Each structure stands twice: as structure tokens, then as C-alpha cells.
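S.K.: Below, each chain spelled out in residue letters.
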Amino acid sequence: MTNFSDWKFTRREVLKLGAASAGVLAATSLPAAPATDGGRKPINATVAMDVNGTTQSFVLDTRTTLLDALREHMHLTGTKKGCDHGQCGACTVIVDGRRINSCLTLAVMHQGAKVTTIEGLGTPTNLHPMQASFVKHDGYQCGYCTPGQICSAVAVLGEIRDDIPSHVTADLTTTAQFSTAELRERMSGNICRCGAYSNIVEAITEVAGSHS
Amino acid sequence: MKPFSYERASSPAAAAAAAAKIDGAKFIAGGTNLLDLMKIGVEEPMHLIDVNGLALDTIEPTSEGGLRIGALVRNTDLAADQRVRRDYGLLSRALLAGASGQLRNKATTAGNLLQRTRCPYFYDTNQPCNKRLPGSGCAAIGGSSRSLAVIGGSASCIAVQPSDMAVAMRALDAMVETVRADGQTRRIPIADFHRLPGARPHVETALERGELITGVTLPKPIGGVHIYHKVRDRASYAFALVSVAAIVQKDGSGHVALGGVAPKPWRVEAAEQYLPQGAKTFTEHLLAGATPTEENAFKVVLAERTLHAVLSEAKGDAS
Numbered sequence: 001m002t003n004f005s006d007w008k009f010t011r012r013e014v015l016k017l018g019a020a021s022a023g024v025l026a027a028t029s030l031p032a033a034p035a036t037d038g039g040r041k042p043i044n045a046t047v048a049m050d051v052n053g054t055t056q057s058f059v060l061d062t063r064t065t066l067l068d069a070l071r072e073h074m075h076l077t078g079t080k081k082g083c084d085h086g087q088c089g090a091c092t093v094i095v096d097g098r099r100i101n102s103c104l105t106l107a108v109m110h111q112g113a114k115v116t117t118i119e120g121l122g123t124p125t126n127l128h129p130m131q132a133s134f135v136k137h138d139g140y141q142c143g144y145c146t147p148g149q150i151c152s153a154v155a156v157l158g159e160i161r162d163d164i165p166s167h168v169t170a171d172l173t174t175t176a177q178f179s180t181a182e183l184r185e186r187m188s189g190n191i192c193r194c195g196a197y198s199n200i201v202e203a204i205t206e207v208a209g210s211h212s
Numbered sequence: 213m214k215p216f217s218y219e220r221a222s223s224p225a226a227a228a229a230a231a232a233k234i235d236g237a238k239f240i241a242g243g244t245n246l247l248d249l250m251k252i253g254v255e256e257p258m259h260l261i262d263v264n265g266l267a268l269d270t271i272e273p274t275s276e277g278g279l280r281i282g283a284l285v286r287n288t289d290l291a292a293d294q295r296v297r298r299d300y301g302l303l304s305r306a307l308l309a310g311a312s313g314q315l316r317n318k319a320t321t322a323g324n325l326l327q328r329t330r331c332p333y334f335y336d337t338n339q340p341c342n343k344r345l346p347g348s349g350c351a352a353i354g355g356s357s358r359s360l361a362v363i364g365g366s367a368s369c370i371a372v373q374p375s376d377m378a379v380a381m382r383a384l385d386a387m388v389e390t391v392r393a394d395g396q397t398r399r400i401p402i403a404d405f406h407r408l409p410g411a412r413p414h415v416e417t418a419l420e421r422g423e424l425i426t427g428v429t430l431p432k433p434i435g436g437v438h439i440y441h442k443v444r445d446r447a448s449y450a451f452a453l454v455s456v457a458a459i460v461q462k463d464g465s466g467h468v469a470l471g472g473v474a475p476k477p478w479r480v481e482a483a484e485q486y487l488p489q490g491a492k493t494f495t496e497h498l499l500a501g502a503t504p505t506e507e508n509a510f511k512v513v514l515a516e517r518t519l520h521a522v523l524s525e526a527k528g529d530a531s
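Heads up: the protein sequence lines correspond to chains A and B, in order.
Residue numbers for the first sequence follow my numbering, so the first one is 1 and each next one is one higher.
Residue numbers for the second sequence follow my numbering, so the first one is 213 and each next one is one higher.
Hints in this document: simulated from the structure, not taken from any laboratory.
In this text the structure is predicted, and so the values were computed from the model without any measurement.
Ideal Cβ placement from N, Cα and C applies to all residues, glycine included.
Mixed in with the good hints, there may be bad ones.
[What the hints assert, rightly or not] Partial list, computed: chain B residues near chain A (C-beta under 7 Å):
no., residue
1, Gly243
2, Thr244
3, Asp262
4, Arg297
5, Lys318
6, Ser448
Working from the sequences, and respecting the hints, build out all of it.
M.R.: Encoded structure:
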């Protein structure tokens, strides 16, 4: 029996190995993948937007989502692709001051937009207060949803300051206020499969407190 | 996703004309539903007309004392508008009960009205679905139907219209404003906007080819207690199993529409005379002729109980 304890692959190496063996299979024994374009030819368009303070111009296939433009064309891989269908929130970025799911919008629809990703909020040596608070409160386990959680959290505090109500706001005619119930409702578009929710709430609550 | 050409519209009339002229053209605004469906091959537009640049993003008072909501007003901005919160609380509540903060920031008023069903068989391109592929059959009938319609469906389709906002607008007697491909404008009562499936479930609205929604008007506020009560499988970010949109007056009269039970927001004006007699009698009239499946029969009971909760709350608030 093979002694698996002798295998000293890192997770990244295992992933590479998997990808390589899949590539070999595809090259040697599988027919070419069926075309998914329905016989239509890809169409390119030009778009320019401000990403984290730098204006960038791209020629992109019109099908490119904002998420794929950020990750694959601008190499800003902090923003994550989770479900790619707007259900998990891992791709949350801030566009023109509002948090959105970058997977459910096309890059070409954002001509002239101002986009802030996790890389634009802070840097490893100069963390945004929300990033620092997530570190302090251990607001994650695997970390995959974290960039989306942090972008969403920063925007949520802005939405409360801007008096945008939520499903749990008791009286629509009063001004929106921060509370744990409000926070949980407003963050419901960001799923954490590790279940770090209680620490995420603590991290955001600390930042909210320092704002008030 | 299949390749498509893309243009930014210059005016509502030009957008409507282009959409009527180009085969396979679709409008895109928020895109939160359309792109989701394009990724799985349910929608395959040849050409997208981006209407985001059209100046249809304001909320203005009307001369009749109501509000005119531009087609591009985002769900977040509509729910947060002070006039909507004060005079049409039902609408704010319905919007805030739907989707997530991220989606509400992007989704528009017109796009919300045009949301397509969440029927699992509509989403699964390996299954027959008369809505997705006319004439292919309906896998939902006899299939997993827990989330599907108990009334208003047909032998061709039992899909449910998923919008919360539309249910509130039905109770509020909203009007949908459009521009057609020939440049003419018209107003469609919300009651006539969504169609029942009949034998043609792929025709979901009264819109004609190329016709573009430019706004929604709300009549003068009618007061009353405004309640939107949504029952779903989790506390947030889920579609309705049953929802009740209600405006209840002090004398017990009111307007009530249901979500989650039918292919369109379900309101029967003639049943509303029974509202003062309580949830049981009213529900018997509102859902008369319902044909639930074994899996979704619970919705009829849930509707009555949710209505009971809403009417009790209204009584408490009104006193």
C-alpha cells in the first residue's frame, strides 16, 4: 500500500498537478471541447475605467464580466469568483460608491466608472481599518470570501450613514441606525462557508463604533 | 455565454426602434437577472442595447399627487426615497425584502418588473420547459413543485413570478409607462402587465417587440397601514414561498396582493369586499379555484395564516 504520508505536496502543487493531468487527458484522449459560442464570432469592444485610482483602457470580448476583467485582464486577483451567479458575494466590489456583484455585470457597461477593489482599500503595510479589524477579530477561516466581505462591510457602513433602510429597520420614517440585527441583514449577500459570521460581525461592529 | 454585439442607447425611442429592428436584441440595465441567465444558456441575445445612459433615473411628483419612478431608478434608491418611505411604505418594504444589498444597488425598477421565473426547470436547459423552449413541455408539472404556482397556472406552465416589488405595485395600482418602436408612448395598468401563461407561457408581459419601459407611476397616496410580509426558507436573501402586500384602512377595507403563489402578482379586487370578515373568508375568495400540487398545497394554508398575521398587525397599528 502506498504510504501517502510520504507525499509532500503543497495544496498549490496538487492543484497544479491536477490541472496538468487534465491537460494531458484533453490533449491525448478527449475530443475538442464543443464550441460554446453557438457558431457566433466573439465581438470586442473598448472600455476605460478608473480602477483603484488608475484609469485603464481595455479591448475586451463583450462577454467579459467586470469580475473577469479585474482578475484576468488587470490581474487584480483579490476579488474572488465564488458562484459566478450573484449568490455568494465573493466578487463584491465598490463601483461609483456602491457595492455590487462584479460577476453579474459586464465590463463594457462601466465606461468611465470608478471601481474600488480590495487592493484599492488598503495595502499590506497600510491596511484599511476594516481590513485591520478583520485581522484583529479573526473574521475568516479560509479567507476566500474575505475580500467580498470587507468591500461589502465598508459599503454597508456607508449605506447606514446615507440613511438607506433595510428589511429589519423597524420604522421607515426614522433614520437608519447601526445594530447587530441591521448588520446581519445587510451582510446577507455575503456567504461564508467556514461560518466565521460571529467574528465578522465583531470586526465590522468595532469599525462602526469608531465611526460614530 | 454566446457572443453578442453591444451598443449604448442614445434615447428611449432610439433604443425601442433598435430593439424592434435587430433580431435577438435585448435591453440591458442592471443585468443582474439577464447575465445570470445568459451564463447558463437560458438567454442567448445576439445584441445588447445598454440603456443605462438614458436619463430615466429620477423620482418626480406627478400632477395627480402621485410619484413617477424612472425605469432606471435602482431598487436601493427607490426603497430609500423619503416620499416612498412615508407614503408608499409597502413598496419600500417589498424592495428591501428582496435580493441582497449588492443586487438592489444594481437592479432597476423596470428590470425588476421583467425578472424571469426561478422555476428550477426553466433554469435547467436539459429539461423541457414551455417558457424557455415553446412546445417542449413542462417538467415542473408532475415534478418538484414546492416553490411553484397554486393558482393562475395552466397545463403548459406553473411557474411563479418572483418579484417582490411587483406585488407591492399591484396593491398600489401602479401604471407602467413605455415607449414603442414607432416612438408612441402608452400606459399599462400593472394588473394587465404580467400575463397568465395559458398555452403561451413564453409571453410573460404585455410588452410588444422593442417596447421599452420608461417608468412606473404611482397614484396619489391612499393612506392606511402598509405591510409587506414575506415568508421564505431563510430569514434573508431568498425568494418568497408566500408574500402578502397589504394596505389596510381603519374600517378594515383594503388592497391585498399575494406573491409566490401565481405567475403574476395575485390580486382579486372582487374578493376584497370580504377583507373585513377576516383572513379565512378572504383567502377562500382570493384563492378560489386554486389547484395546488401535493408538494405546494401548504402555500394555500400559509397564505391564509400570513394574511391573518398581516390583518392582526394592521388592526394593532391602526388603533
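S.K.: Could you tell me which of the numbered hints above are not met by this structure, giving the numbers in increasing order?
M.R.: Checked against the structure, no hint fails, so every one of them is satisfied.
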